[in-house]
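Engineer: Take the two lone chains, each set in its own frame, and fit them into one complex as the hints suggest.
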Amino acid sequence: SQTIHQWPATLVQPVGSPLSLECTVEGTSNPNLYWYRQAAGRGLQLLFYSVGIGQISSEVPQNLSASRPQDRQFILSSKKLLLSDSGFYLCAWTTSTDTQYFGPGTRLTVL
Amino acid sequence: RKEVEQDPGPFNVPEGATVAFNCTYSNSASQSFFWYRQDCRKEPKLLMSVYSSGNEDGRFTAQLNRASQYISLLIRDSKLSDSATYLCVVNKGGGSNYKLTFGKGTLLTVNP
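So the protein lines, in turn, are chains U and B.
The numbering used here numbers the first residue of the first sequence as 1 and each following residue consecutively.
The numbering used here numbers the first residue of the second sequence as 1 and each following residue consecutively.
Just to be clear, a hint being listed does not mean it is correct.
Now the stretches of chain B that chain U is said to cover, found in silico as 3 or more residues with beta-carbon under 8 Å [claimed, not checked]: (1) 40–50; (2) 102–110.
Interface residues of chain B toward chain U, partial, derived using beta-carbon atoms under 7 Å [to be verified]: (3) SER32; (4) ASN91; (5) TYR98.
These are computed hints drawn from the structure, not numbers from a lab.
None of the values given here were measured: they were computed from a predicted structure.
From the three backbone atoms N, C-alpha and C, an ideal C-beta is built for every residue, glycine too.
With the rest of the complex left out, here is chain B (with noise of 0.2 Å):
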């Protein structure tokens, strides 16, 4: 299993749809999670972390299932500037907490 595997995608929706994106992580000691975006031919920024209650940030919300290494995050009335690959990151926990490992990205394209 990979360290961490996500959606492979690519995602193509039209504006004001909802998207998910599914990730599994296979570390049980992890205990960091994240989602960033990563524009084309730009740096990873982080979106949110995810927290075990589940967060929302406005369109955006993220969830956390310990039990099943499962993490998720619901884009809602996306618009065309969530146009990115979003990348599902987890730190490698026990003594390497500040490791991070990052899956290789689910590319959305939002159409108009």
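Just chain U, same shape as in the assembly (with noise of 0.2 Å):
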């Protein structure tokens, strides 16, 4: 069975601090990947979406940026965090049926 990682869980950072976060998926080949924040009280936002190794779709323009390495490895990064990249951050995958699977996420605070 497929299963999706993501780390760290928690994660608190000065404002203007560099930020990588990374998400493999286990059990599948060629998944396609997307990365969403989720701001307090808001709604999921799709920030990038990637169907291969080394294309990415941004979805807004921000200071985040995503990379694809490896076939089952997604990874945000940021050079210098803003106050507002503060959020609930999840990786997910899809499978051929459009249905999009969540990893546990990463809680990032900025200060």
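Structural biologist: Put into structure tokens, the structure is as follows:
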């Protein structure tokens, strides 16, 4: 069966510091991968998606970037965090039926 | 019109009650529809897909009306464990079938 891992689970970072969040998927090949952010009291916002290695599409302009160095690895990065980057970051993968499955998420607080 | 719009809630119901959630979507090209549940501070989890003919899974019934672009979720005999936020989810359709749009969710609290 497929599983999706994210780490770290929680993170507290100062404004202006860099960020790297990692997501890995097991048990499937060539998945579509997604990064979402859920800010407090708000819905899920799609940040990036990837349909293959090195293929990244950005949904919203911001100071975040994403990379997919391996088939089942998806990384979310920032060079300098802003207060507004605080939120719950979720990685997801898609089956052939469009159903998305989420990882456990990373709760990021920027102070 | 928002892409996906749900009842704002919150809903507070006693155990055993029947509760209905409503959702409308704006993109007539959407082809896939889902209900997810999200527990407090956890990731969303798929509750059920929604099919044109309607579908049922135990106490949960989902219905889709493509003409009205309306989706519903009915929970019968609600349990304390049903307390969660329910998310209506629709795919973007067309060439972006693999991109989903999430509603903001409706919070349900089932009280003893």
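Engineer: None of the hints should be skipped; say for each whether it holds.
Structural biologist: Hint-by-hint comparison with the structure:
Requiring three or more residues with a Cβ within less than 8 Å of a Cβ of chain U, the coverage given for the region 40–50 of chain B holds, as 7 such residues are present. A stretch counts as covered by a chain when three or more of its residues have a beta carbon under 8 Å from one of that chain; for the region 102–110 of chain B and chain U the count is 4, and the coverage holds. With a least beta-carbon distance of about 4 Å to chain U, the hint placing B:SER32 at the interface is held under the 7 Å criterion. Evaluation of the B:ASN91 hint against chain U yields a held restraint, the C-beta minimum of about 5 Å falling below 7 Å.
Contact between B:TYR98 and chain U, as hinted, is supported at the beta carbon level, the nearest pair being about 5 Å apart and thus within 7 Å.
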